[in-house]
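Peer 1: Here is what each chain is made of, one letter per residue.
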Amino acid sequence: MTSPHLRLVPQPEPAPFYAAAEKIYPREISGRFTRLREIAVVVLLGLFYGVAWLRWDGHQALLFDLPARKFHIFALTLWPQDFLYLTLLLIIAALSLFFVTALAGRLWCGYACPQTVWTELFVWIEQWTEGKRSRRMKLDRGPWTAEKVLRKSVKQFLWVALAAWTGFTFVGYFTPIRSLGSGIVSLSLGPWSTFWIFLYGLATYGNAGFLREQVCKYMCPYARFQSAMFDKDTLIISYDEARGEPRGPRRRGTVARTAGLGDCIDCTLCVQVCPTGIDIRQGLQYECIACGACIDACDEVMDRMGSARGLIRYTTEHALHARTTHVVRPRMVVYASLLALASGALCYSLFTRMPLILDVIRDRNALYREVRGERIENAYSLKVINLDDKPHAYRLAVSGMPGLELTAPAGPITVASGSVSNIPARLEAPATAASGVHPIVLTLTALDAPRIEVHEKTRFIGPAS
Amino acid sequence: MSSSPPEPTEPERRGWAVDVGLVLWPSFLASCAASLLFFAAVDPALLRDAGPRLFADLDREAGYALGFIFFWVVGAIASTLSVYLIRTERSRARAPGPRLP
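Just so you know, the protein sequences line up as chains U and V, in that order. Going by numbering that gives the first Met the number 0, the first sequence opens with residue 0, and the numbers climb by one from there. Going by numbering that gives the first Met the number 0, the second sequence opens with residue 0, and the numbers climb by one from there.
Simulated from the structure, these hints should not be mistaken for lab results. Just so you know, these numbers come straight off a predicted model, no measurement behind them. Honestly, I wouldn't trust all of these hints.
[What the hints assert, rightly or not] Straight-line Cα separation of at most 25 Å, SDA-like style, residue types lysine to any residue; simulated pairs:
| hint | chain 1 | residue 1 | chain 2 | residue 2 |
| --- | --- | --- | --- | --- |
| 1 | U | Lys-69 | V | Arg-47 |
| 2 | U | Lys-216 | V | Ala-40 |
| 3 | U | Lys-382 | V | Ala-44 |
| 4 | U | Lys-131 | U | Asp-278 |
| 5 | U | Lys-69 | V | Leu-45 |
| 6 | U | Lys-389 | U | His-325 |
| 7 | U | Lys-69 | V | Leu-21 |
| 8 | U | Lys-382 | V | Arg-59 |
| 9 | U | Lys-22 | U | Pro-190 |
| 10 | U | Lys-131 | U | Leu-149 |
| 11 | U | Lys-69 | U | Pro-190 |
| 12 | U | Lys-69 | V | Ala-44 |
| 13 | U | Lys-216 | V | Leu-21 |
| 14 | U | Lys-216 | V | Val-82 |
| 15 | U | Lys-137 | U | Trp-127 |
| 16 | U | Lys-69 | V | Ala-40 |
| 17 | U | Lys-22 | U | Thr-128 |
| 18 | U | Lys-22 | V | Leu-21 |
| 19 | U | Lys-382 | U | Gly-372 |
| 20 | U | Lys-216 | U | Leu-149 |
| 21 | U | Lys-22 | U | Gln-284 |
| 22 | U | Lys-456 | U | Tyr-334 |
| 23 | U | Lys-216 | U | Gly-282 |
| 24 | U | Lys-382 | V | Ala-39 |
| 25 | U | Lys-69 | V | Glu-60 |
| 26 | U | Lys-131 | U | Ile-23 |
| 27 | U | Lys-69 | V | Leu-35 |
| 28 | U | Lys-69 | V | Ser-34 |
[Claimed, not checked] Calculated from the model, a selection of chain V residues having no Cβ within reach of chain U, i.e. all distances over 12 Å:
| hint | residue |
| --- | --- |
| 29 | Leu-21 |
| 30 | Ala-33 |
| 31 | Arg-47 |
| 32 | Val-72 |
| 33 | Ala-75 |
| 34 | Ile-76 |
| 35 | Thr-79 |
| 36 | Ile-85 |
| 37 | Arg-86 |
A virtual CB, placed ideally from N, CA and C, is assigned to each residue, including glycine.
Bound conformation, chain U alone (with noise of 0.2 Å):
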């Protein structure tokens, strides 16, 4: 990707755009997709702020419960049992990501991802207390007045604030959230809840207010290897080089063609407002989060010059090259089987996910005894795990022998939800019919619900014949 020499017309204000280090304020800006990107800001944060305090069946709808060893999710309990679930899910977000990349270029970094849509609410607040980009820079560079100290101590502590609700919301999603409340409002809370918020509320304060666009250029691993998942039909912002150079400022109404120019009228407003201080016209960036900022400050432009919009646009490298973009492509078609194939095993184990496990293990003492001399016994111990997250009664039975009975236990197994019994069991059969190894299989059903049904294979030995 060459392009032309990039001229640098004197700045109205003396940004360094190119050092990595320094400050950027970006400028604030309107159009489609900042409104997009806003829209995205408030669904997400609402998620977040708002399911924690959601409430189903008499539990917190989304709570990873760590100390209690348990997911609700809805609907769903899962247990450490469950992990293929998590697991799963993880590879599907994976796979989502890279579908969505290959597809339309990082969407995830401009609209979704938790640093730009914090990062997007820090902005907010500090316009709110500090005005616009030129004000900000202004009262950065000036002396510490009485203004200014009121409006910094404003910022930060609405800052502090929203960072404290953030880290005490997070915690929420892993230690029930109301009583977590309460335990912030009677000063009772446990040290390492109080650690967890303190620590999640600083990494929100620390990379939206303080890092931000270094987080993506310096600390995300994803913003180095995306460009493994891009080709020339992944949809990509790009200055169309072809229409806008040569650039350089001119007179409104002047028909650029005739006095030599391109489109580009070199006003850097796509510099300006861009979150990560690059300029796109350089051509594709790793350090660009496809926000779109500069594409809604170039049509502005356009508009105002009488030029038609998409100077800067969302295109790909075969549009920009007159060629055929395709949407299906080996890439993609890879990509979707892979996601198929994944959501569609979460979707069968979700659905034929058995709320019950039966381990059995022979007793270790004596492999039979015999009882009332004409009968065979041998001893199991039974574990049932109830992973239903109400209580159930079971009933055990035997098959696979003839004359194979049930001597213990007597009556149904009662098992809590999420409880583990260890259960003795014995089985008896003739001692004419005993005589060496049987495989046998061990049913428990739950009594109020047939579908919730295992078996387990063992075995039963008698004496050598």
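We have chain U already, so just place chain V on it with the hints.
Peer 2: Frame of chain U, contents of chain V only:
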């Protein structure tokens, strides 16, 4: 892209802060993954039985937090060694800032 004004070289003062970040951040991510895997299989309450003297008063929340911090520290040690080896390599010794391969 070659003809744009050259980027200013990373200022010297960034050196140590970047090193701290290079140590703490990847080990943090690794610790998140390790804690997830480890505590999916191991109930921290069981650690009490494993080492009564070490973990006498350990409840689950403390177990999770200590486990997370433990993995973070182990990861940080590995990252520190990596950064140290890269920084002290002769060909890079004078290169400031995060100019890693």
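Peer 1: Give a verdict on every hint.
Peer 2: So, going through the hints one by one against the coordinates:
For the suggested pair Lys-69(U) and Arg-47(V), the alpha carbons sit about 20 Å apart, so the restraint of at most 25 Å is met. Proximity of Lys-216(U) to Ala-40(V) is assessed by CA-CA distance (about 35 Å); at most 25 Å being required, the pair is judged violated. With a CA separation close to 20 Å, the supplied pair Lys-382(U) and Ala-44(V) stays within the 25 Å bound. Between Lys-131(U) and Asp-278(U) the CA atoms are separated by roughly 21 Å; this keeps the pair inside 25 Å, and the hint holds.
Taking the CA atoms of Lys-69(U) and Leu-45(V), the gap is about 16 Å. The hint holds against a cut of 25 Å. For the hint pairing Lys-389(U) with His-325(U), the CA-to-CA distance comes to about 52 Å; that exceeds 25 Å, so the pair is violated. Taken as a hint, the Lys-69(U) and Leu-21(V) pair is broken in the structure, with Cα atoms around 34 Å apart against an allowance of 25 Å. As the CA atoms of Lys-382(U) and Arg-59(V) are separated by approximately 23 Å, the hinted pair is consistent with the 25 Å bound.
A distance of roughly 36 Å separates the Cα atoms of Lys-22(U) and Pro-190(U); the hinted pair therefore is violated under the 25 Å criterion. Taking the CA atoms of Lys-131(U) and Leu-149(U), the gap is about 16 Å. The hint holds against a cut of 25 Å. About 22 Å separates the Cα atoms of Lys-69(U) and Pro-190(U), which keeps this hinted pair within 25 Å; it holds. Using a Cα cut-off of 25 Å, the hinted pair Lys-69(U) and Ala-44(V) holds, with the two alpha carbons roughly 14 Å apart.
Distance restraint check for Lys-216(U) and Leu-21(V): the Cα-Cα separation of roughly 13 Å lies within the 25 Å cut-off, and the hinted pair is therefore satisfied. Of the supplied pair hints, the one linking Lys-216(U) and Val-82(V) holds, its CA atoms being roughly 19 Å apart against a limit of 25 Å. Distance restraint check for Lys-137(U) and Trp-127(U): the Cα-Cα separation of roughly 15 Å lies within the 25 Å cut-off, and the hinted pair is therefore satisfied. A threshold of 25 Å between alpha carbons decides the hint, and for Lys-69(U) with Ala-40(V) the separation of about 13 Å falls inside it, so the pair holds.
Note on Lys-22(U) and Thr-128(U): the hinted pairing holds, with a Cα-Cα distance of about 18 Å set against a maximum of 25 Å. Proposed proximity of Lys-22(U) and Leu-21(V) is supported: the alpha carbons are some 20 Å apart, at most 25 Å. Taking the CA atoms of Lys-382(U) and Gly-372(U), the gap is about 30 Å. The hint is violated against a cut of 25 Å. A C-alpha spacing of about 32 Å is found between Lys-216(U) and Leu-149(U), which places the hinted pair above 25 Å, so the restraint is violated.
The suggested pairing of Lys-22(U) with Gln-284(U) holds, with an alpha-carbon distance near 19 Å, which does not exceed 25 Å. At roughly 40 Å between alpha-carbon atoms, Lys-456(U) and Tyr-334(U) are farther apart than 25 Å, so this suggested pair is violated. Between Lys-216(U) and Gly-282(U), the direct Cα distance comes to roughly 16 Å. Compliance with the 25 Å bound is thereby established for this hinted pair. Between Lys-382(U) and Ala-39(V), the direct Cα distance comes to roughly 20 Å. Compliance with the 25 Å bound is thereby established for this hinted pair.
Straight-line distance between C-alpha atoms of Lys-69(U) and Glu-60(V) comes to about 14 Å, which keeps the hinted pair within the 25 Å bound. Restraint check: the Cα-Cα separation between Lys-131(U) and Ile-23(U) comes to about 13 Å, which is no more than 25 Å; the hinted pair holds. The hinted pair formed by Lys-69(U) and Leu-35(V) meets the criterion: a straight-line CA distance of about 14 Å does not exceed 25 Å. Under the criterion of a C-alpha separation no larger than 25 Å, the hint pairing Lys-69(U) with Ser-34(V) is consistent with the structure, at around 16 Å.
A beta-carbon of chain U is positioned within 12 Å of the beta-carbon of Leu-21(V); the least distance is around 9 Å. Distance check on Ala-33(V): its Cβ is at least 14 Å (rounded) from any Cβ of chain U, clearing the 12 Å threshold; non-interface status holds. No Cβ of chain U comes within 12 Å of the Cβ of Arg-47(V); the nearest lies about 14 Å off, and the non-interface call holds. Listed as a non-interface residue, Val-72(V) keeps its Cβ farther than 12 Å from every Cβ of chain U; the least gap is roughly 15 Å.
The beta carbon of Ala-75(V) sits about 15 Å from the closest Cβ of chain U, which is more than 12 Å, so the claim that it is off the interface holds. At roughly 20 Å, the least C-beta separation between Ile-76(V) and chain U is larger than 12 Å, which holds for a residue marked as non-interface. The Cβ of Thr-79(V) lies farther than 12 Å from every Cβ of chain U, with a closest approach of about 17 Å, so its non-interface assignment holds. Non-interface status of Ile-85(V) relative to chain U is upheld: no Cβ of that chain comes within 12 Å, the nearest being about 15 Å off.
Even its closest Cβ contact with chain U, about 16 Å, leaves Arg-86(V) beyond 12 Å, as expected for a residue assigned away from the interface.
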